[in-house]
Amino acid sequence: MTHAPDLPLWAALATALLVLLGAGLTLVGTLGLLLFPSFYDRIHAPTLGTTLGIGCVLLASMLYFSVTQSRPVLHEVLVGLFMVVTTPVTLMLLARAAFYRDQQEKNPEVSPLAREASREPGSEM
Amino acid sequence: MTATSLLGAALLVAQLMLGLAMACAALCILRGPRAQDRVLALDTLYVTAAILLLVFGIRTGSTAYFEAALVISLLGFVATAALAKFLMRGEVIE
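Chains as they are written, first to last, in my numbering: chain F, 1350 to 1474; chain Y, 583 to 676.
Since the hints were derived computationally from the structure, they do not count as laboratory data. Just so it is clear, the structure is predicted and the values come from calculations on it, not from any experiment. Glycine residues also receive a C-beta, built at the ideal position from the N, C-alpha and C atoms. It is possible that some hints are incorrect.
[Said to hold, decoys possible] A few chain F residues that don't get close to chain Y, going by computed Cβ distances all over 10 Å:
| # | residue |
| --- | --- |
| 1 | 1419 |
| 2 | 1420 |
| 3 | 1421 |
| 4 | 1455 |
[Claimed, not checked] Chain F regions said to be covered by chain Y (calculated; three or more residues, Cβ under 8 Å):
| # | stretch |
| --- | --- |
| 5 | 1379 to 1392 |
| 6 | 1408 to 1416 |
| 7 | 1442 to 1454 |
Turn these sequences into a full structure, and let the hints guide you.
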């Protein structure tokens, strides 16, 4: 860590706090992925955690490189924008695929629709 | 230098936390009862790897890791979208 001897204390503190916050949020999201009971609970935790986590780490990276290179470094906004757009799309695609599979297998815990269909075996969903 | 060593300690702790998060995601890939759980855990593993690369970029002070994080998040999205389509339809390109 000898590459930035001219880093002021406030920038170091802010970068450290943001990096720790981002890593902590990511860890909490992954623990939720590990501990929640059903798939539909589980899908929310890592998407929220990783979006907030990568947001905080990108803010820290922008702050750090802007201070050390003494000019605004904003290309991290690209990754942030991309993650904010793609993570909900991923969540919706996965949840719809899981819901479709549960309905195909007539899993009675999923929805009233599947419950009704499992009650009447002849009906088509 | 106190500011730099403080930042170094924070980055080390963050890297350890992110490594633990990646271990949890890998455990979920191995354990997950169904295919959609494994795909979700793989997506989480991708994004956590991108965050770890960003933290590594701050630690080394080089912006080269930023492009790697961008490529990882892009490929992770494409992979997860293709796998979700596969789970839904049984094939990726119809």
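message: Tell me the numbers of any earlier hints that the structure contravenes, in ascending order.
response: none
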